[in-house]
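Residue numbers (our numbering), protein chains in the order written: chain A, 44 to 473; chain B, 88 to 241; chain C, 185 to 473.
Treat the hints as calculated values from the structure; they're not laboratory data. Possibly wrong hints are sitting among the right ones.
As the list claims (entries may be wrong) - Taking lysine-lysine and the BS3-like style, the derived pairs with C-alpha atoms no more than 30 angstroms apart in a straight line are:
no.	chain 1	residue 1	chain 2	residue 2
1	B	K177	B	K216
2	B	K190	C	K221
3	C	K221	B	K239
Bear in mind the structure is a predicted one, so any value in this text is a computation, not a measurement.
Read off the chains here:
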Amino acid sequence: MEEKAVLVVGGGISGIQASLDLASRGYKVYLVEKSPSIGGRMAQLDKTFPTMDCSMCILAPKMIDCSHHPNVQLLTYSEVKGVKGSAGNFVVTVLRKPRFVDETKCTGCGICADHCPVEVPNEFDEQLGMRKAIYMPFPQAVPRAMTVDKVNCIECGLCQKMCQAGAVDLKQQPQEVELDVGAIILSIGFDLFDPSQIPTYGYGRYRNVITALELERLLCASGPTGGHLIRPSDGRIPRKIAFVQCVGSRDRRLGTTYCSSICCKYSVKDAVLIKEHEPNTTVSIFYIDLRAFGKGFQVFVNRAKSEYGVRFIRSSPGEIMENPLTKDLTVWYEDTVAGRIENVTFDLVVLCPALLPRTDARELAKVFGIEVDDYGFFKASNVLTNPVDTTVSGIFACGYCLGPKTGDIPDSIMQGSATAARVAEVLERV
Amino acid sequence: MGEIANTPRGKGILLCIQCGRCSSSCPVARLTGEHNPRRLMEMVILGFKKEVLPTQLPWYCLSCFTCLDRCPQGGDVGEVMFAIRNLAVKQGNTPAGVAAQAKSLYETTRVINPVRTALDRRESLGLSKITTEGLEEVQKILRRTGMEKIVKST
Amino acid sequence: MKYAFFLGCLIPARELSYEVSVRKVLPELGVELVDMKGANCCAPFSIQSVDHASWMALAARNLCLAEEMGLDIMTLCNDCYESLLMVNNILKRNPALRDQVNQILSEVGKEYKGKIDVKNLVDVLSGDVGVDKVKGAIKEPISGLRVGTQPGCHLTKPKRIHFEVLRGFNELDALVQATGVESVPYERKEMCCGGPLRDINDDLARQVSREKLIALKNAEVQAVVTVCPFCFLQLDLGQLEVKRHFNEEYNLPVIHFIELLRMGMGMKLDDWEVKAHRIPITELLKDRL
Numbered sequence: 044m045e046e047k048a049v050l051v052v053g054g055g056i057s058g059i060q061a062s063l064d065l066a067s068r069g070y071k072v073y074l075v076e077k078s079p080s081i082g083g084r085m086a087q088l089d090k091t092f093p094t095m096d097c098s099m100c101i102l103a104p105k106m107i108d109c110s111h112h113p114n115v116q117l118l119t120y121s122e123v124k125g126v127k128g129s130a131g132n133f134v135v136t137v138l139r140k141p142r143f144v145d146e147t148k149c150t151g152c153g154i155c156a157d158h159c160p161v162e163v164p165n166e167f168d169e170q171l172g173m174r175k176a177i178y179m180p181f182p183q184a185v186p187r188a189m190t191v192d193k194v195n196c197i198e199c200g201l202c203q204k205m206c207q208a209g210a211v212d213l214k215q216q217p218q219e220v221e222l223d224v225g226a227i228i229l230s231i232g233f234d235l236f237d238p239s240q241i242p243t244y245g246y247g248r249y250r251n252v253i254t255a256l257e258l259e260r261l262l263c264a265s266g267p268t269g270g271h272l273i274r275p276s277d278g279r280i281p282r283k284i285a286f287v288q289c290v291g292s293r294d295r296r297l298g299t300t301y302c303s304s305i306c307c308k309y310s311v312k313d314a315v316l317i318k319e320h321e322p323n324t325t326v327s328i329f330y331i332d333l334r335a336f337g338k339g340f341q342v343f344v345n346r347a348k349s350e351y352g353v354r355f356i357r358s359s360p361g362e363i364m365e366n367p368l369t370k371d372l373t374v375w376y377e378d379t380v381a382g383r384i385e386n387v388t389f390d391l392v393v394l395c396p397a398l399l400p401r402t403d404a405r406e407l408a409k410v411f412g413i414e415v416d417d418y419g420f421f422k423a424s425n426v427l428t429n430p431v432d433t434t435v436s437g438i439f440a441c442g443y444c445l446g447p448k449t450g451d452i453p454d455s456i457m458q459g460s461a462t463a464a465r466v467a468e469v470l471e472r473v
Numbered sequence: 088m089g090e091i092a093n094t095p096r097g098k099g100i101l102l103c104i105q106c107g108r109c110s111s112s113c114p115v116a117r118l119t120g121e122h123n124p125r126r127l128m129e130m131v132i133l134g135f136k137k138e139v140l141p142t143q144l145p146w147y148c149l150s151c152f153t154c155l156d157r158c159p160q161g162g163d164v165g166e167v168m169f170a171i172r173n174l175a176v177k178q179g180n181t182p183a184g185v186a187a188q189a190k191s192l193y194e195t196t197r198v199i200n201p202v203r204t205a206l207d208r209r210e211s212l213g214l215s216k217i218t219t220e221g222l223e224e225v226q227k228i229l230r231r232t233g234m235e236k237i238v239k240s241t
Numbered sequence: 185m186k187y188a189f190f191l192g193c194l195i196p197a198r199e200l201s202y203e204v205s206v207r208k209v210l211p212e213l214g215v216e217l218v219d220m221k222g223a224n225c226c227a228p229f230s231i232q233s234v235d236h237a238s239w240m241a242l243a244a245r246n247l248c249l250a251e252e253m254g255l256d257i258m259t260l261c262n263d264c265y266e267s268l269l270m271v272n273n274i275l276k277r278n279p280a281l282r283d284q285v286n287q288i289l290s291e292v293g294k295e296y297k298g299k300i301d302v303k304n305l306v307d308v309l310s311g312d313v314g315v316d317k318v319k320g321a322i323k324e325p326i327s328g329l330r331v332g333t334q335p336g337c338h339l340t341k342p343k344r345i346h347f348e349v350l351r352g353f354n355e356l357d358a359l360v361q362a363t364g365v366e367s368v369p370y371e372r373k374e375m376c377c378g379g380p381l382r383d384i385n386d387d388l389a390r391q392v393s394r395e396k397l398i399a400l401k402n403a404e405v406q407a408v409v410t411v412c413p414f415c416f417l418q419l420d421l422g423q424l425e426v427k428r429h430f431n432e433e434y435n436l437p438v439i440h441f442i443e444l445l446r447m448g449m450g451m452k453l454d455d456w457e458v459k460a461h462r463i464p465i466t467e468l469l470k471d472r473l
C-alpha cells in the first residue's frame with residue numbers, strides 16, 4: 044500500500060498539532076501557511092488562560108518540531124489554488140509566493156532589515172508597530188527566514204548587497220507545485236470583527252480605543268512596546284482601563300448572533316495580567332453575561348475579583364466619547380444591577396470584538412468544494428457525531444475555522460489531534 | 088409582557104437581554120433618573136402592569152430612536168415604547184398634551200392649527216387656504232379605529 | 185421632478201417662512217410641487233402613542249391621496265417624513281397589515297396600493313436634484329460661516345426599521361457645504377432637539393434642548409442649520425425658553441437650510457421672515473438678508 048501524504052492548510056496551533064500527530068505516526072505532512080511563518084494567533088498572544096503560561100514558550104517548541112521533523116514539509120508564504128480528486132487521492136495545486144529570499148541560505152540574521160529604508164505597519168503587531176519591507180514577522184518565526192514585501196519594496200537592492208549569505212534573490216518567481224495527498228486538514232483560524240462598524244465606540248477615530256488583540260501585542264515582550272503597557276496616544280501608562288465585551292458578538296443587527304466564546308475568558312486573563320504589570324491601575328470589565336465555563340475558570344474569575352480587584356460591571360456601554368485634549372475616553376453605561384446610568388472616564392478602552400471566519404474562508408471553501416454555514420465557518424458533516432469532518436469525505440477541519448465552540452487553545456489542540464486520527468483512519472482504509 | 092409582545096410595535100420586547108445599551112444611550116435617561124428604557128423593558132417583561140401603565144413612566148420618551156439604533160438584539164426598544172403607550176391610553180392614561188393634539192386632529196384634521204395672524208399672512212402671500220377638507224373622512228376613520236371614543240372620553 | 189407636497193401641520197401654523205422659501209427655491213432647481221388637497225395630519229409621535237391602527241390609517245390616507253395624484257410625496261418636517269415613510273414601508277412589506285388598513289380605508293372609499301415613495305427635502309435636494317446642481321445654482325456663496333447642522337432624529341433614525349439607509353448627516357452636510365457654508369462636526373450631532381415632548385412635558389423638553397445647545401456651543405459654531413420645523417422651533421424659540429428657565433444665553437441663531445440656499449441663490453429674505461427667527465440672524469448674515 045502506497046503511503047499517501049496529508050495536506051494541512053493553516054499553520055496555527057491546531058494545524059501544527061495535527062501535523063505533528065500525523066508526522067510522529069510516520070505520515071508525510073505538507074503544512075501550507077499563507078503568511079511567512081507558522082504560529083498563527085497563538086504567536087500573537089502574551090500569556091494564555093487560565094494557566095498564565097507564556098504563549099510563545101508553549102508554541103515555539105512545537106513550531107521547531109514542525110520545521111525539524113523529517114516527515115513535515117513546510118510550505119510557508121503559500122496558498123492553495125486548486126484541488127482535484129477525492130478521499131484517498133487528492134491532487135492539490137499550491138502556489139508558492141516568492142519571498143525573494145532563499146530559505147535554504149537565509150540565516151535570519153536581520154542585517155538586510157537593518158538597512159532597508161522602507162518602513163510599513165507590521166500586521167503581526169496589529170499595525171501598532173513597524174517593520175521593514177524585508178522582514179521577519181516575529182523573532183521566533185519558523186522558517187527562520189526573511190521575506191520581502193514586494194508591494195512596499197522600492198527595489199533599492201540594499202538588502203541584497205548587505206546579505207552575507209547571498210540569500211536575497213529579488214528576481215525570484217512564484218512556483219506552482221502539485222501535491223499528491225490522501226487527505227486534507229483545514230485549520231485556517233479566524234479574523235477579528237472590525238469594531239469601527241459600531242461607530243459609537245469610536246474605534247478607528249479614538250486612538251485609545253483598541254482591540255483585545257492589539258492589547259496582547261502591547262503586553263507581549265516581543266511586541267511594539269517591548270511589553271510595556273502604554274496607551275497609543277501619548278505613551279503614558281494607563282491608570283484606568285475598561286474592557287467592553289460583546290463588540291459585534293451576540294449582535295442580531297450585524298448578523299454575528301453567536302457568542303464568540305473566548306472573549307470573557309481572555310478579558311479576565313488580560314485584566315489579571317494588567318494588574319500584575321501595574322497593580323495601581325484599575326481595570327473594569329463591562330459585560331452582558333460573564334461566560335466562564337469549564338475547568339478552573341469560575342475560580343479564576345473569583346480570584347480576579349477578590350485578589351486583583353478587577354471590577355465587573357454588568358452593562359453593555361451605549362456610547363464612548365473622547366476628550367479631544369486629553370484623549371481620555373468617557374464611557375456611558377448603565378449599571379444594570381444598581382439601575383443607575385453613569386459615565387466614567389478611562390485612559391484606555393479595550394474592545395473585545397467578535398471572532399469571524401477568515402475573509403478568504405468562503406473562497407477557500409469553494410476551492411475545496413466544502414460547505415460553509417450561514418456565518419461562513421466550515422460546516423461539519425454532522426455537528427453532533429462528526430464534528431471535525433467537513434462535508435467532503437477526506438477533508439477535515441479543526442480550530443476556530445469550524446466556528447466558536449469553546450474555541451480556546453486546548454480545544455484547538457484537541458481538534459487538531461482529532462483530525463489527525465480521522466485522517467489516519469482514511470489513509471489506513473485506502 | 089404577552090400583551091405588548093402581541094402588538095405590531097411591541098414584539099421586540101421578546102428579544103431584550105437587559106444589556107443596558109439603550110438606557111446608557113438615551114438622552115432623557117441621562118437627565119432624569121425617572122426614565123430608563125431598560126428598566127421599563129424589565130418591568131414589562133416581569134409583568135408590572137400597574138407600576139407602568141397608569142404612571143408617567145411611558146411618557147418621558149422622545150421617540151428619538153437612539154435606543155433602537157443601538158440595541159444589539161434588534162429589540163426595537165423605541166417601538167416597544169409606542170406599544171406601551173398605546174396600552175396606557177387604552178387604560179385611560181393619556182397626558183393632557185397628547186389628548187389635546189388628538190382632539191385637535193379629530194376636530195380639524197390637524198394636531199395644531201394656525202392662529203389668526205398666521206392665516207392673515209398666508210392670505211396676504213397668496214398661499215393656499217387652510218381648510219378642514221377631508222375632515223369627514225378622518226372622522227370616519229377615527230370612528231372605525233375607536234380613537235373617536237378615546238378622544239371623546241379624555 | 186414633480187412631487188406631492190406634504191406640508192404637515194406645524195409649518196402652516198408656525199413657520200410660514202419655511203414654506204415660502206421652499207416655494208421660491210425649488211422651482212428654480214427644476215422641482216415642481218403640487219399641493220395635496222385634503223391631506224390630514226401625518227400622525228406624529230403623539231397620535232402614534234394613542235393608537236396604532238389610527239396611525240396606520242391616517243398616514244395611509246395621505247399615501248392614497250398621493251397615489252391618486254400619481255406622485256411621490258415630499259415632506260419638509262421630519263416627523264411627517266418618519267410617519268409616512270414608516271407606514272409606507274410597513275404596508276408595502278406586510279400584506280396582513282395592509283389588508284387591515286385597507287379595510288379601514290374602505291370606509292372612506294380609499295385603497296392603499298403601495299405605488300409611491302416618501303421623500304423629504306434633503307432626499308430631493310441631494311438625491312434627485314443633486315448636490316452639483318445645487319452648487320451650480322449658487323450665485324453668491326456664503327463664506328466665512330461655521331455652522332452645526334441638526335439633521336434631526338427622524339431624518340436619520342431608525343435606519344433599520346426603515347429598511348434602507350435614511351438620508352443622514354452626510355447628505356445634509358454636503359448640501360450645506362455646497363452653499364459655501366462650513367459644516368462643523370460636533371459631539372452629540374445625532375442627539376434629539378427635544379421637540380416631541382413639547383406641550384407634553386415642557387420641563388423635560390427644555391432640558392433636552394439645553395443639552396443640545398450646550399453641545400453646539402462647545403463646538404464653537406456660529407449658527408445651527410435645521411431641516412425640521414420642530415427642531416427649528418425647539419432650538420430657536422426654545423433657546424429663549426432655556427434662557428428664561430436656566431438663565432443661560434447661547435446666542436446661536438437657528439436657520440433653515442432652505443433659507444441658506446435661498447440666500448446663496450441671490451434671493452433676499454423679507455422683513456417678516458427675518459423676524460421669524462427669535463434668535464436674531466441680522467448680525468450674522470447682515471449683508472445677505
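Verification of the supplied hints:
1. Only pairs whose Cα atoms come within 30 angstroms are accepted, and B/K177 paired with B/K216 is rejected, the gap being roughly 36 angstroms.
2. Under the criterion of a C-alpha separation no larger than 30 angstroms, the hint pairing B/K190 with C/K221 is consistent with the structure, at around 22 angstroms.
3. Under the criterion of a C-alpha separation no larger than 30 angstroms, the hint pairing C/K221 with B/K239 is consistent with the structure, at around 27 angstroms.
When the structure is compared with the earlier hints, a violation turns up for hint 1 alone.
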